[in-house]
Amino acid sequence: MKKISLDKMNELFAAIAASQTLYLPVDDGKKGAKFDAWKEGAVYSTAANTSRSAKDFFFPQVEDMASFKVEGKEIEVIDTREETEDFVVFGVRACDAKSFEILDSVYLADPVDSYYENRRQHGLIMTMACNKPTDTCFCSAFGIDAANPAGDISCWMTDSELLLEACTEKGEALLNALSMLEDADASAADDTKAAIKSILGKLPLANLSPDGMKQKSLMEFFGSDKWAELSESCLGCGTCTFVCPTCQCYDIRDYDTGHGVMRYRCWDSCMYSDFTLCAHGNTRTTQLQRFRQRFMHKLVYYPDNNNGVFGCVGCGRCMRSCPISMNIVKVMKALEG
Amino acid sequence: MREETLIPKVGVVTDIRQDTPDVKTFRVVGLDGKKVFEHIPGQCAMLSVPGVGEGMFSITSSPTNIEFMEFSIKKCGCLTSWLHMMEVGQQITIRGPYGNGFPVESDLKGKDLLFIAGGIGLAPLRSVINYVRDKKENYGSVHIIYGSRSMDDLVDYKEIIEEWCTDAGVTVDLTIDRPQEGWDGHVGFIPSFVEELKPDLSRTVLICGPPIMIKFTLDGMKKLGFKESQVFTTMELRMKCAIGKCGRCNIGNKYVCKDGPVFRFDQLAELPDEY
Amino acid sequence: MQEVMVKRASELLADGTVERVLGWKNGEFAYDPTPAVFDSADALSAFVYNDFCASNLSKYLIDLSKKEGKTLVFLKPCDSYSFNQLLTEHRVDREKAYIIGIACDGKVDEAKLREAGCEGILGITTEGDTVKVDTLYGEMAIAKADVLGERCVTCKSKQVVVYDEMIGENGEVNADCGRFDQVAALEAMTPDERYAFWRNELSRCIRCNACRNICPACSCENCVFDNPKSGISQKAAADTFEENMFHIIRAFHVAGRCTDCGECSRVCPQHIPLHLLNRKFIKDMNECYGEYQAGAEAGSRAPLVNYTLDDCEPSVVYEREASK
Numbered sequence: 001m002k003k004i005s006l007d008k009m010n011e012l013f014a015a016i017a018a019s020q021t022l023y024l025p026v027d028d029g030k031k032g033a034k035f036d037a038w039k040e041g042a043v044y045s046t047a048a049n050t051s052r053s054a055k056d057f058f059f060p061q062v063e064d065m066a067s068f069k070v071e072g073k074e075i076e077v078i079d080t081r082e083e084t085e086d087f088v089v090f091g092v093r094a095c096d097a098k099s100f101e102i103l104d105s106v107y108l109a110d111p112v113d114s115y116y117e118n119r120r121q122h123g124l125i126m127t128m129a130c131n132k133p134t135d136t137c138f139c140s141a142f143g144i145d146a147a148n149p150a151g152d153i154s155c156w157m158t159d160s161e162l163l164l165e166a167c168t169e170k171g172e173a174l175l176n177a178l179s180m181l182e183d184a185d186a187s188a189a190d191d192t193k194a195a196i197k198s199i200l201g202k203l204p205l206a207n208l209s210p211d212g213m214k215q216k217s218l219m220e221f222f223g224s225d226k227w228a229e230l231s232e233s234c235l236g237c238g239t240c241t242f243v244c245p246t247c248q249c250y251d252i253r254d255y256d257t258g259h260g261v262m263r264y265r266c267w268d269s270c271m272y273s274d275f276t277l278c279a280h281g282n283t284r285t286t287q288l289q290r291f292r293q294r295f296m297h298k299l300v301y302y303p304d305n306n307n308g309v310f311g312c313v314g315c316g317r318c319m320r321s322c323p324i325s326m327n328i329v330k331v332m333k334a335l336e337g
Numbered sequence: 001m002r003e004e005t006l007i008p009k010v011g012v013v014t015d016i017r018q019d020t021p022d023v024k025t026f027r028v029v030g031l032d033g034k035k036v037f038e039h040i041p042g043q044c045a046m047l048s049v050p051g052v053g054e055g056m057f058s059i060t061s062s063p064t065n066i067e068f069m070e071f072s073i074k075k076c077g078c079l080t081s082w083l084h085m086m087e088v089g090q091q092i093t094i095r096g097p098y099g100n101g102f103p104v105e106s107d108l109k110g111k112d113l114l115f116i117a118g119g120i121g122l123a124p125l126r127s128v129i130n131y132v133r134d135k136k137e138n139y140g141s142v143h144i145i146y147g148s149r150s151m152d153d154l155v156d157y158k159e160i161i162e163e164w165c166t167d168a169g170v171t172v173d174l175t176i177d178r179p180q181e182g183w184d185g186h187v188g189f190i191p192s193f194v195e196e197l198k199p200d201l202s203r204t205v206l207i208c209g210p211p212i213m214i215k216f217t218l219d220g221m222k223k224l225g226f227k228e229s230q231v232f233t234t235m236e237l238r239m240k241c242a243i244g245k246c247g248r249c250n251i252g253n254k255y256v257c258k259d260g261p262v263f264r265f266d267q268l269a270e271l272p273d274e275y
Numbered sequence: 001m002q003e004v005m006v007k008r009a010s011e012l013l014a015d016g017t018v019e020r021v022l023g024w025k026n027g028e029f030a031y032d033p034t035p036a037v038f039d040s041a042d043a044l045s046a047f048v049y050n051d052f053c054a055s056n057l058s059k060y061l062i063d064l065s066k067k068e069g070k071t072l073v074f075l076k077p078c079d080s081y082s083f084n085q086l087l088t089e090h091r092v093d094r095e096k097a098y099i100i101g102i103a104c105d106g107k108v109d110e111a112k113l114r115e116a117g118c119e120g121i122l123g124i125t126t127e128g129d130t131v132k133v134d135t136l137y138g139e140m141a142i143a144k145a146d147v148l149g150e151r152c153v154t155c156k157s158k159q160v161v162v163y164d165e166m167i168g169e170n171g172e173v174n175a176d177c178g179r180f181d182q183v184a185a186l187e188a189m190t191p192d193e194r195y196a197f198w199r200n201e202l203s204r205c206i207r208c209n210a211c212r213n214i215c216p217a218c219s220c221e222n223c224v225f226d227n228p229k230s231g232i233s234q235k236a237a238a239d240t241f242e243e244n245m246f247h248i249i250r251a252f253h254v255a256g257r258c259t260d261c262g263e264c265s266r267v268c269p270q271h272i273p274l275h276l277l278n279r280k281f282i283k284d285m286n287e288c289y290g291e292y293q294a295g296a297e298a299g300s301r302a303p304l305v306n307y308t309l310d311d312c313e314p315s316v317v318y319e320r321e322a323s324k
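Residue numbers (the numbering used here), protein chains in the order written: chain A, 1 to 337; chain B, 1 to 275; chain C, 1 to 324.
Just so you know, these hints were derived from the structure itself, not from any lab.
Covered stretches of chain A, going by a simulated chain C footprint (3 or more residues, C-beta under 8 Å): (1) 126-139; (2) 200-210; (3) 226-240; (4) 272-284; (5) 313-324.
With the C-beta cut set under 10 Å, the calculated list includes, among others, these residues of chain C facing chain A: (6) A36; (7) E115; (8) N213; (9) S233; (10) Q234.
With beta-carbon atoms standing in for the labels, derived distance ranges: (11) G168(C) / A269(B): 52 to 60 Å; (12) V4(C) / K222(B): 57 to 65 Å; (13) E3(C) / I212(B): 48 to 56 Å; (14) K216(A) / I248(C): 43 to 51 Å; (15) T285(A) / K227(B): 26 to 34 Å.
Ideal Cβ placement from N, Cα and C applies to all residues, glycine included.
Same shape as in the complex, but just chain A (with noise of 0.2 Å):
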């Protein structure tokens, strides 16, 4: 384990930032926070949690995929695809830490997405323990420990120190590339990570499971009576899918750019009216259904593609966001009751 002292935690974002962009959660000015390019005089941001979610940098909400040259009858595809240049995010939350692994299990599955996979190999994940959990957390009920956030190097905050692990190799050379680091205890975060699991242990949603979610049928819930209600003000909005650390569907467009054609994919949500339609008619004609698609794919339809694991991180970020209060925990709690 590495240390530095707080007030020099700038000289670090500094030399981070001399080889690569370095990304952290800054202020927003709007009442939460946003991950931005560190500049000198960006201040780290120590809220809760950042308003949209981390996944915008191995899956941005809108991103070009190829273009087209038409001339006539001829078309020629260009691949515009580039490597991505090496980039570091810092201050990463547990939460966003495991979102990750939920996009990869998709996105790095044959056929893998090449455009995903590139900014994953770029990208190095430094994360965060969350010194000051919030009320809307509730990434322990999927067994993420915020005392101890995965990523490349994680990173515990004490009154005085920012005390710095390598969970690989990746996050191991970095490390050792920065020379202000001292060694530190292996034991120097062990206090902050007690304390944190007080604290995690005290959380209104501290006892939320989702082992109910198992124990019942895909076809069971599926035909829940609970659906109607819990749907009844449901506004057809993406806000939910869009702050969703989890959320990964996409949709592909063409976009006439005056000379050619550029095909880009954007975020899609499965709450919006058009997401299944087709020219012969559309499957989920209500938004009961549409509803009912995005939690059961998350709490559901995703664990049974994947050894069980939910879809779902436990971030809060659709109960902070949702205009009419209805998000995940609430449904999965009349499911399972």
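With chain A held as given, fit chains B and C onto it using these hints.
Then chains B and C, alone, in the frame of chain A:
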């Protein structure tokens, strides 16, 4: 960087056949004049016209055709309307093959087969039918029941009459929805036609057509004594990626593009009725 | 207030006046009630009314108007303007709604509580002007005025404008609410400054469509942005032009119909002050065509769909610019 399946290849349309008033069959090869890729009957390809859109289409030709691929496409939306306006020589983009395909080398092998198709539903089955005809030694007898709205709407009519009907070991029963001048064959909907024909219960069944036709035909077949586990169908839902990632073509925990499009009815029975 | 509302709702359900009740249902926490329909007195045990029942319920009446029988709905002053506007647009049926107006002294913004340092919230109670928050990290007492929703800070009216009965005393229109101050500040900027302001705000948009879907004025059966043939994408900003124009087009479409209920800004997960776009239109209309408040009166003709000889000429744009 590794090859990316989402980036398509260029295909050239070398022949266009007007099959019915709203169905055209397109012959596609790569820029080198050869097949763009090999496939199994029942698999699909993503065809696109840049700027218009991309869509999943079943490959109508049999893999035993070594020269080209064919796609029978009904005009019903934006992309298909554009495809129908194409002339020979037009380039499109193509990627694939996608999906599981029919189990021609396992479950279907050595079996007597029954094909039931309605309208454009013949498109994915035609690939299997011609495959089986070309590899007769591996399969039992073939019974084809095919129906459309009218005589003009029977896709591949010429091939059916000239090749399938004359092929030993292949029985073809055709029907159209309403009586029509010049038609002396059967008139009536497919579900009741199948019940009338009382096909051999030992046959393995492959069915494709409009959802409502499939529903009633399956009900009737169950009455006749067929089991869900001997009936295969192929599905179509809105798709974007075709590789089980974009998340829109799922039926329960199965993705039609990756785990399908071919399903057995006993598998579908365990899934939500969202198709 | 909550007890009185539940009691009255139970009575109206019992005597058959209404078939169902549209209100708010309690959530996991004090701050997350969800709009809900209750169809029995038993179901009302989950009914809640507190400082966080901010949702404007009027839009739900579009669908509920199509159901058999009357729906009892509790409308706050803001929501009542929206209801009137929907009535004007023939989107809701007055005969299908039994409206109980509820006095409102402003709703608390959860995000502002968090900005004030409330994390690990365990409970929230309001006592008079003070919001007491019990958190994992200690108790906090905050002046309610400091954590009111943005729209409540400049509340235009505490008057319920359409109701069958009131609970609490109906309030007054507040003409001096100062709701156009921020718009005036934007108008005072140079075009470059203003452009920079809006680029900063709109570039954060994630196209979740929450603003549109919650907006009572956005009641089109099929929005132009959802039309696959429109050539634009409703779920991603393909370029900055779309990013900017989505909100501006929407503001144009609701101009004259927007009652300034402020739901768009309340629900924006990116905290974009969208209401300022709408208020700019309202302010302009007030200045060009005389004071007009959408939804103040059902059936009123909005200035943009009405012609009078006193209407300003298009040249007013240049005159206004010159007078600056």
